[in-house]
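**Q** Could you build the full structure based on these sequences and the hints that come with them?
For reference, the chains in residue letters:
Protein chains: 2
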Amino acid sequence: MDISHFSERINQTLSTLTYGENPTELYAPIRYMMELGGKRVRPLLTVLGAYLFQDNVDKVLLPAIGVEVFHNFTLMHDDIMDGAPLRRGKQTVHEKWNTSTAILSGDVMLVKAYELFLGIEPDKLPQALKLFSNCAAQVCEGQQLDMNFEQRQDVQIEEYLLMIKLKTAVLLGFALELGALLNDASPADAQHLKEFGINMGIAFQLRDDLLDVYGDQAKFGKRVGGDIVSDKKTYLLLTALERASATQKLALEKWQGVNGSDEVDGKVQAIKELYDELDIQNLTQNQINHYFQKGLHHLNEVNALNSKKELLRLMAIQLIERDS
Amino acid sequence: MDISHFSERINQTLSTLTYGENPTELYAPIRYMMELGGKRVRPLLTVLGAYLFQDNVDKVLLPAIGVEVFHNFTLMHDDIMDGAPLRRGKQTVHEKWNTSTAILSGDVMLVKAYELFLGIEPDKLPQALKLFSNCAAQVCEGQQLDMNFEQRQDVQIEEYLLMIKLKTAVLLGFALELGALLNDASPADAQHLKEFGINMGIAFQLRDDLLDVYGDQAKFGKRVGGDIVSDKKTYLLLTALERASATQKLALEKWQGVNGSDEVDGKVQAIKELYDELDIQNLTQNQINHYFQKGLHHLNEVNALNSKKELLRLMAIQLIERDS
Chain A
1 MDISHFSERI
11 NQTLSTLTYG
21 ENPTELYAPI
31 RYMMELGGKR
41 VRPLLTVLGA
51 YLFQDNVDKV
61 LLPAIGVEVF
71 HNFTLMHDDI
81 MDGAPLRRGK
91 QTVHEKWNTS
101 TAILSGDVML
111 VKAYELFLGI
121 EPDKLPQALK
131 LFSNCAAQVC
141 EGQQLDMNFE
151 QRQDVQIEEY
161 LLMIKLKTAV
171 LLGFALELGA
181 LLNDASPADA
191 QHLKEFGINM
201 GIAFQLRDDL
211 LDVYGDQAKF
221 GKRVGGDIVS
231 DKKTYLLLTA
241 LERASATQKL
251 ALEKWQGVNG
261 SDEVDGKVQA
271 IKELYDELDI
281 QNLTQNQINH
291 YFQKGLHHLN
301 EVNALNSKKE
311 LLRLMAIQLI
321 ERDS
Chain E
1 MDISHFSERI
11 NQTLSTLTYG
21 ENPTELYAPI
31 RYMMELGGKR
41 VRPLLTVLGA
51 YLFQDNVDKV
61 LLPAIGVEVF
71 HNFTLMHDDI
81 MDGAPLRRGK
91 QTVHEKWNTS
101 TAILSGDVML
111 VKAYELFLGI
121 EPDKLPQALK
131 LFSNCAAQVC
141 EGQQLDMNFE
151 QRQDVQIEEY
161 LLMIKLKTAV
171 LLGFALELGA
181 LLNDASPADA
191 QHLKEFGINM
201 GIAFQLRDDL
211 LDVYGDQAKF
221 GKRVGGDIVS
231 DKKTYLLLTA
241 LERASATQKL
251 ALEKWQGVNG
261 SDEVDGKVQA
271 IKELYDELDI
281 QNLTQNQINH
291 YFQKGLHHLN
301 EVNALNSKKE
311 LLRLMAIQLI
321 ERDS
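From first to last, the protein sequence lines stand for chains A and E. So the first sequence is numbered by the UniProt record's numbering: it starts at 1 and just counts up by one. So the second sequence is numbered by the UniProt record's numbering: it starts at 1 and just counts up by one.
It is worth saying that the hints were derived from the structure and are not from the lab. Among these hints, one or two may not hold up.
Copies of one chain are not kept apart here, so a pair can be met inside one copy or by any two copies together.
Said to hold, decoys possible - Subject to a maximum C-alpha distance of 25 Å in a straight line, what follows is the list of computed DSS-like cross-link-like pairs (lysine-lysine):
(1) LYS165 - LYS254
(2) LYS96 - LYS130
(3) LYS294 - LYS272
(4) LYS308 - LYS254
(5) LYS59 - LYS309
(6) LYS59 - LYS124
(7) LYS59 - LYS130
**A** Here is the structure:
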């Protein structure tokens with residue numbers, strides 16, 4: 001059994017799903033968003049997490065899609081808040097329709113995510129929904145912290161790591177934990193899987209920060225250096241600011257706020273040179289490796305067939321070593 | 001036992017509730033919104049609905065608050081979409097903070113609403129959440145229809161009645177049905193209570209339309225004639241358009257879009273005169289009475305003590321005969 005088998009089952013389930021019909025203005029954006037594609041990482045984690053404990057994953061398919069619908073709900077609302085024009089190369093919902101529709105369609109998506117969990121066996125439903133609600137609130141907290149950081153000049157690395165944990169990693173952890181729970185994993189195994197997901201999630205986001213600066217433009221979907229241009233307080237920038245000499249710090253700070261079209265190439269170049277002087281690429285890669293190893297350690301602790309765990313290890317490697 | 005006893009229990013439960021702490025920017029708007037007050041009609045309906053079938057209403061208190069939190073979530077997001085500056089005489093959340101915060105705090109409120117249902121007994125939880133999710137999606141559909149109608153010139157009365165049913169009435173119906181379900185009402189009784197709530201909700205909204213034009217400015221919270229100024233397609237306007245002669249129709253249409261500060265008083269006056277010519281006040285009042293009676297009929301069918309049903313009758317009368 002390989003990953004593509006489970007991917008296919010997820011895509012097949014997705015293709016049978018209807019979200020609602022009328023009014024069209026409410027439901028068309030949901031279909032649009034869900035059909036933009038993506039790697040379906042989160043439902044795959046739920047299904048692979050479930051597969052560890054029982055071969056039959058039928059009953060986790062709809063809840064797994066619930067996690068994906070929730071994820072896409074957060075993307076739809078985040079895109080409004082970030083004023084993002086594009087998502088996966090296509091117009092964002094608030095651009096293609098308008099902000100009100102993106103708010104309201106997103107709201108319905110959150111409701112639909114909950115609905116997709118309602119087929120869970122009654123004896124497991126309260127716990128599953130408690131874990132999900134807790135996770136959903138944390139994701140919102142992470143997004144709020146992310147917005148707060150835009151206004152702050154004194155963000156600490158620890159705070160940044162907490163933010164990406166909340167905004168990105170806890171959902172990967174929940175996706176795995178949910179699969180484990182539904183296929184009768186022990187609490188200890190479910191907890192290890194969750195920690196595996198959280199650590200992978202942090203590594204995944206740090207990899208994203210790294211790719212923004214050191215990615216291959218041909219492979220990277222977004223503009224390389226985009227975070228630098230927009231002064232995003234990434235792990236790279238915060239680490240550079242922490243390690244910089246007084247002169248280097250002044251140089252880094254001098255570039256903040258510079259965004260003229262004739263200046264940004266110079267800015268990206270200059271900041272990259274400062275990063276190189278401060279060994280930021282290696283330091284970030286070390287952190288990625290740290291979280292990756294920590295995650296793998298938790299996966300190793302899970303009581304399941306090694307051949308099944310191998311699928312999750314493979315997915316983790318794909319996520320962390322991706323170029324785009 | 002009178003209504004104020006149940007109101008007190010709701011307010012007491014509300015006062016013990018915490019929604020979350022950090023980040024402050026996320027949770028302070030939720031507290032602000034919940035503390036703006038209001039009549040707490042929806043949780044009261046849940047509690048009174050439950051009281052019909054068992055004296056003890058302890059277990060419905062938190063789910064009842066869940067309905068109120070959901071209602072306030074819809075207000076927070078609707079205020080963004082409507083660009084409303086004030087809510088209950090105070091700044092709206094998106095005005096006091098900003099749009100992103102109002103989106104995100106609203107999202108968390110929807111999650112918290114679900115969380116407040118999670119204490120429901122496991123054997124009733126799936127049905128309660130299914131009913132709630134269904135209702136929540138309908139409320140969003142109603143809001144989308146309301147926005148669609150702003151762009152349309154051919155809205156039919158039947159469509160308008162469907163819109164207010166979805167946007168306003170189904171939540172009152174659900175609030176009652178939830179209380180009934182949790183205190184072991186028969187399916188038939190739960191259904192009658194729900195229909196009572198839906199019909200009251202439609203009457204309630206029609207009363208709102210009426211008050212906007214014929215309300216006493218001293219008692220009415222909002223500006224009398226506000227719907228006329230903003231060309232809102234209310235029951236009154238749609239009925240007038242349907243019954244108007246060709247000349248009257250031209251006169252009504254002539255005023256659409258007029259909103260200069262020196263013109264609006266004349267506009268309100270002129271439209272009101274047309275409404276009077278067309279007997280719109282009486283026609284609307286007849287419709288209110290129609291839905292009111294239809295609702296009461298459903299309440300009569302419920303198998304419960306008359307003395308208990310009297311509390312709901314009283315509440316319905318207060319809602320429909322209110323001045324503000």
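**Q** Run every hint past the structure and note whether it holds.
**A** Evaluated hints:
For the homomeric pair LYS165 and LYS254, neither the shortest alpha-carbon distance inside one copy (30 Å) nor that between copies (57 Å) is at most 25 Å. Taking the shortest alpha-carbon separations for LYS96 and LYS130, neither the intra-copy value of 34 Å nor the inter-copy value of 31 Å comes in at or below 25 Å. Taking CA atoms no more than 25 Å apart as the test, LYS294 paired with LYS272 passes in neither setting, with 29 Å inside one copy and 72 Å between copies. Neither within a single protomer nor between protomers do LYS308 and LYS254 lie at most 25 Å apart by alpha-carbon distance, with minima of 51 Å and 72 Å respectively.
For a Cα distance limit of 25 Å, the shortest separation of LYS59 from LYS309 inside one copy, 20 Å, qualifies, whereas the shortest one across copies, 43 Å, does not. Within a single copy, LYS59 and LYS124 get their C-alpha atoms as close as 12 Å, and across copies as close as 21 Å, so both meet the 25 Å cut-off. In the homo-oligomer, the alpha carbons of LYS59 and LYS130 lie at most 25 Å apart both inside one protomer (19 Å) and across protomers (18 Å), since each shortest distance falls under that limit.
Of the numbered hints listed earlier, those contradicted by the structure are 1, 2, 3, 4.
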